[in-house]
Structures are given as structure tokens and as C-alpha cells.
Amino acid sequence: MKKYIVTISILILFFYSLVSAEGITGQATERKSIRIRDAGGRFVEVRLPVKRLVVLTSDALEIIRALGAEDLVAGVYSDIAEDPLFWPKLKDKPKVGSWKGLNYELVVELNPDAVLCYAQRPGRDMEKKLKPFGIQVIRLDFFKLDNLEKEVEALGRILQKEKEARELIAWYRNNLNQMREMLRNVTSRPDVYIEGDSNYHTTGPGSGGHCMCALAGGHNIASNLSIPYPEVTPEWILMRDPNVIVKVTTRSTCDTCYAMTGVGALKNIRNRIMARPAWDHIGAVKEGKIYVIANEIWTGPRAIIGTSYLAKWFYPDFLKAFDPEALHKEYLENFQGIKYQGVYVYPN
Amino acid sequence: MQDICEQYKDFSTRKLFFIVLLVVVLFGVVLIALSQGASSVGFFESFKALFRQKTGLAHAIVWELRLPRIVMAILVGCGLALAGSVFQAILRNPLASPYTLGIASSSGFGAVVAIIFSGSYYSQYLIAGSAFFFALLASLLILGIAKFKSATPETMILAGIAIMFLFSSLSSLLQYMGTVEEVHEIVFWFFGSLSKVGWKEIGVASVMILLPVPVMLRWSWDFNLLAAGDESAKALGVNVTRIRMCGVVFASLITAAAICFTGVIGFIGLVAPHIARMVIGGDHWFLLPASALIGGILVLAADTLGRTCWAPQIIPLGIVTSFIGVPFFFYLLMKKKREYW
Chain V
1 MKKYIVTISI LILFFYSLVS AEGITGQATE RKSIRIRDAG GRFVEVRLPV
51 KRLVVLTSDA LEIIRALGAE DLVAGVYSDI AEDPLFWPKL KDKPKVGSWK
101 GLNYELVVEL NPDAVLCYAQ RPGRDMEKKL KPFGIQVIRL DFFKLDNLEK
151 EVEALGRILQ KEKEARELIA WYRNNLNQMR EMLRNVTSRP DVYIEGDSNY
201 HTTGPGSGGH CMCALAGGHN IASNLSIPYP EVTPEWILMR DPNVIVKVTT
251 RSTCDTCYAM TGVGALKNIR NRIMARPAWD HIGAVKEGKI YVIANEIWTG
301 PRAIIGTSYL AKWFYPDFLK AFDPEALHKE YLENFQGIKY QGVYVYPN
Chain L
1001 MQDICEQYKD FSTRKLFFIV LLVVVLFGVV LIALSQGASS VGFFESFKAL
1051 FRQKTGLAHA IVWELRLPRI VMAILVGCGL ALAGSVFQAI LRNPLASPYT
1101 LGIASSSGFG AVVAIIFSGS YYSQYLIAGS AFFFALLASL LILGIAKFKS
1151 ATPETMILAG IAIMFLFSSL SSLLQYMGTV EEVHEIVFWF FGSLSKVGWK
1201 EIGVASVMIL LPVPVMLRWS WDFNLLAAGD ESAKALGVNV TRIRMCGVVF
1251 ASLITAAAIC FTGVIGFIGL VAPHIARMVI GGDHWFLLPA SALIGGILVL
1301 AADTLGRTCW APQIIPLGIV TSFIGVPFFF YLLMKKKREY W
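Top line first, the protein sequences correspond to chains V and L. If you're matching positions, the first sequence starts at 1 in the working numbering and goes up one per residue. If you're matching positions, the second sequence starts at 1001 in the working numbering and goes up one per residue.
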């Protein structure tokens, strides 16, 4: 009897292991391609594994490095050469073009599994041209704080770096929650005028800047306008009398803020804003609440750093102990593997 | 004979009346522009602020924000229209304008160069200076080609079109190389805007636009004779080559001064002279001031509409000038029975 029981048990175990093995094999077959939602909201099938990548945007490259997948990068955007300090390991990779367009022959020669680019650019003809060579196009933006977590999660699945993606998302969430918690008791929101690189061009609803301002507890004076990046009249800004003015800039003394050592360039920009005709009647100018912030920590993977600075500027008394610079240092050293340096805001 | 003299006098009086009418219309548009804006400073308050107040918010709004915009709009409109009239006269071509000869596209290229390469030294003056330099460079190129070959209108127009394509392609190349933000800045510059001008910019632009005006007026009879053809003009004592060469330089100078601070404002240089010519004919003594006034009115009206009809958002000036100018131009074109050119 005992013999029968043992034999039956062994047989059951054998069949079970067969079934399980088949199940795993089946799963493996299924997992050869995954379905993700790209930045344009489309569901696309991505064949796995993705072991060689061509990356056309700095935003995507930053996330790839944060996921510890730098080794998978086979080709990069050409402008990377202008920021060698920030990209010490990737700066010498083959250059294939820019976020607007690429050299197809170079890409085909590199034989990547996929090209990673923005949702809108380069145009949709890229998919058609690369399909015959078996190269997939993955469109993820990584420039809006709203979608950042979902996009990081999708890229984590594509690169099979789910654990690293979860860690990065957790870091984002913790810091956002901490900021929300700190701003929970705030009752009145300051009126904020945000200006892009081009003078008098502000950020309305639908822009990344508008979303960051709201997250940091500010009231964007352009929140009722109908387009994302409208030009507004100086007279309207004067009438809205903002409490804080934030100028976002790409201009610096060096090619990038990471290589910048002095605050001179950002200070000049601030001085020019303060000297604008009739702006001495604006509250923010009277109280000196004009802040210049570099594009590097504005919309993009480091939008959370920019948002932290906004919160600190909006509520200096509430957030005395809050240190956005420390947050930035933590991000660069823990997730990007580079030392913290550079000038990103003025005044700090 | 008496009859012809009488008719000429009568016609001249009518032309003069038209110019006076344009001055009155321009004054009316100025009054409207002065009283419109995002603030509550209305018609009477703006006048009070203009003449009586020395300080305060209303004074700052009128003197620092509205008035510079109005003055620059008039200057730019007058300058572009004047340059267009001169180009059309010296090249004997109704399609000639600052754009046909590549002056605007080279000026645009100058701005693009400054935006892309200036880094922290980026400033409005650098953009303006670079735009101005390249506009003059284009005119010198045309002159060089004309001098080497011959200063016929065909040579100059063909050289101008070639230069236009060259600088447009160069601008596109730099835009292609630019970052997202730089491309935005370039696009905005090409839209044209009066928001960034203050009294300093007006001072610089007005010197460059107004200085050549007396010379242009002095040459108005020569421009008239050029219409009869180079041979006839030469026979009547006009130094055709000199006037064509100098005309290109002066008109380019005016164009460069008009657009270097404000960005490309299309269409005015082409349409304002035609509107004036349709109404008062081709006598440049009257045509030059009339087209300048029409240019000033069109740009000021376009800017006032652009900043008020979708306030506080601004519809770029370059877009509104076409919206206003094209229907008006079509209306006159359909109404005119005989060939006016």
C-alpha cells in the first residue's frame, strides 16, 4: 500500500512538474513580446529582449542610466558631445542624429533592437523605414511629471529592469508625497508668473511648467489661458501683479549647467527681468522674488527637483528645513552615478 | 495746356487730401491703441497719464508699455512700406519687396545665428545687431553681383531670389541643429513681436529708418523716370546705375532697422505700396509718404487687434498683418478696373 502511495505521489509530482514546465515555457513564449502604452497614448507591442538601444533624447537616456541599463545603449543623439561631463560613459558612443531626425543608415548599421524617441518627433515615417530591418520604435517622452511614473515603469518592463524602475518610482513618489504633506496646511497660494526662454512667453494649461507650479502649491496666473505656451502682454502681467516670478532658461556661460561654476549668467538674466519697463510696480519685483531656474531641472526626469525649488520659493517659511539641493545631489549620485556639481538656480 | 495744368493741380490736391486723410486715420488708430490694454486704464485715463501725471501705475502703463509699442509699430510699418516702394521703383517690378531680394531672410538668418550661438551673451541687442549685419551683407552681395554683371532689374531680382533661398536654407540648417528651446525662440522671432521694444530700441531704429527718408524723397522724380525704362531715364539725365545701387543700400538699411528688433513682419513691404499706388498713382513724391502712412496704419492696427482680440494672449503680429492686409488688398484689386501698375 505504502509502495502504491509513493508511486502515485511520484507520478502526480512528475505530471505536475511537466504541467508547470509547460506553463513556464508557455509564459516564456508569451513574454517574448509585451504590450506597453507609449507617450502618445497608443498601445504598442514590443518584442523582448531589447539588448541594444539607440536613444535620441537626453530625457530617455537619463532614465536608462537611472535603471542601470547604460550598457544596452548602442547609439546616442549627436548633441551629447556638448555635455561630456554629464555623460562620461556615453559621450563617445556612435552619434546618429537628434530628437528631430536620424541617419537611418547609421542606425541600421548599429543593428539595435529598438530606437527610443519622443512621441511626436521624429515623424511616424520612422517606424515604416526601420520595420524592414526588424528595428522597433519606442516612443516615450519622460518630460511630463504626470506621466513620468508610467513611462519609467514601461521602460523598466522593456529593458527587464523592473526592480530598478520600482526603486526610481518609489523615490519619486516618496519625495512628491513628502512635499504634498509639507504643503497640506498651506491655505493661500501665491500668484506665480512663469516665463520660458523667450521673453513674455508663459506656460498655460497643458504645459509641464503649469503642472509643476500646481504641484508646488502655486497658482499659475496663466491657468485660465487656452494654449500651452502663449505670448502675453507685459501690461497683463503687470495687472495680475504676481507674488513670484520664475524664469526658465537654457542660457548659461557653459554649454550646460552641470559644467557651470559661477552664478553670473543666471544673475544677469534676473537683473534684466528686474529692469524691464514698468515692472518695478510688480510685487514680486519689489520684494525680489524673481527666480531663474535652469532647463535641466525643469520639465524632464528631474522635474521633481525643479518642483522642489518652486515649493521652497513659494513657501520659504513653511519649508525652512526642506533642501532641494540635497535632493538633487541624492538623485545624481544614487541614480545617475555621477557627482553633484553645477549651478541650476539663482538666487538659491 | 491750361487744362492739363489744371488737371494736374487738381490731381495733386486730391493726392494731398489722401495723405492728410491717412494722417487723420493714423491718429485715430493711435488713439484707439493708446486706450486699449489689459488694465483698466481707458481712453480718458490714458490721456491724463500721458500729459498730466508724472508717476504712478497709469503713467508707467502708458509711457513704458503702450506708447513704445505704438511708436515702434508706426516706425516699422512706415519703414517696411517705404523700403518696398523703393525696391519696386528701382527694380521696376510689382513683386519686389524686402522679401523678394532676400533682405528679410538674411536678416532672419542673422537672428538665428545669434539665438543659436550666443549662449549667456544672448540679448535682444545681439539678435538685432546680427540681423542688421546679415541684412546689409545680403544687399552688398546683390550689389556686388550687379556691379560685376550689370545693374539691370532682372540681374538684381535673380540675385536676390538666390540669396533668399541661400539664407532660408542656412536658417533651416541651424534650426535643425538647435535644441527644442532654441527652435521655439527662432519660431517666435519669425512670428514678429512688439512686446520686447522699449524707448532705447526705438531711438536706434528711428535713426536708421528716418535718416534715409529725405534722400528718398529727393530721388522721387528719378524713381518716376525709371518707370519709363532705363534708356529713357538715362536720356533724361538720371544716373540709373547709381540710383539703383544706392536705392538698394538705403532700402536694405531701412528694412534691417525695421525688422531687427521686432522679427519678420511679412507682407507690409509688398502690399502697402500697391494700396497707395492703386489710390493715388505712381508719382513717388506722393507715393512714398502715402505708402509709409498705410504701412504704419496697417502694422499698428494689426498689433492692436493682435493684443486685444484674444487678450491676454497675443496673436503674433506677422500673422495679423496678413489677416488685415490681404482682404483689404483683394478688395482694392477687384475694385480697380484698369491696370494700375
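Calculated directly from the structure, the hints in this document are not laboratory data. Every value quoted in this text rests on a predicted model; they were computed, and no experiment measured them. A few of these clues could be false.
Simulated crosslink set (DSSO-like; lysine-lysine; CA at most 27 Å straight-line) [to be verified]:
no., chain 1, residue 1, chain 2, residue 2
1, V, Lys-267, L, Lys-1200
2, L, Lys-1054, V, Lys-286
3, V, Lys-286, L, Lys-1015
4, L, Lys-1234, V, Lys-286
5, L, Lys-1147, V, Lys-286
6, V, Lys-247, L, Lys-1196
7, L, Lys-1054, V, Lys-267
8, L, Lys-1048, V, Lys-289
9, V, Lys-247, L, Lys-1200
Below, a sample of chain V positions facing chain L; criterion: calculated Cβ distance under 10 Å [stated by the list, open to error]:
no., residue
10, Asp-79
11, Gly-101
12, Gly-204
13, Ser-226
14, Glu-231
15, Pro-277
16, Trp-279
Note that beta-carbon positions come from the ideal geometry of N, C-alpha and C, so glycine has one too.
Problem - Violations among the numbered hints, reported as their numbers in ascending order - result: Violated hints: 3, 4, 5, 7, 8; rest satisfied.
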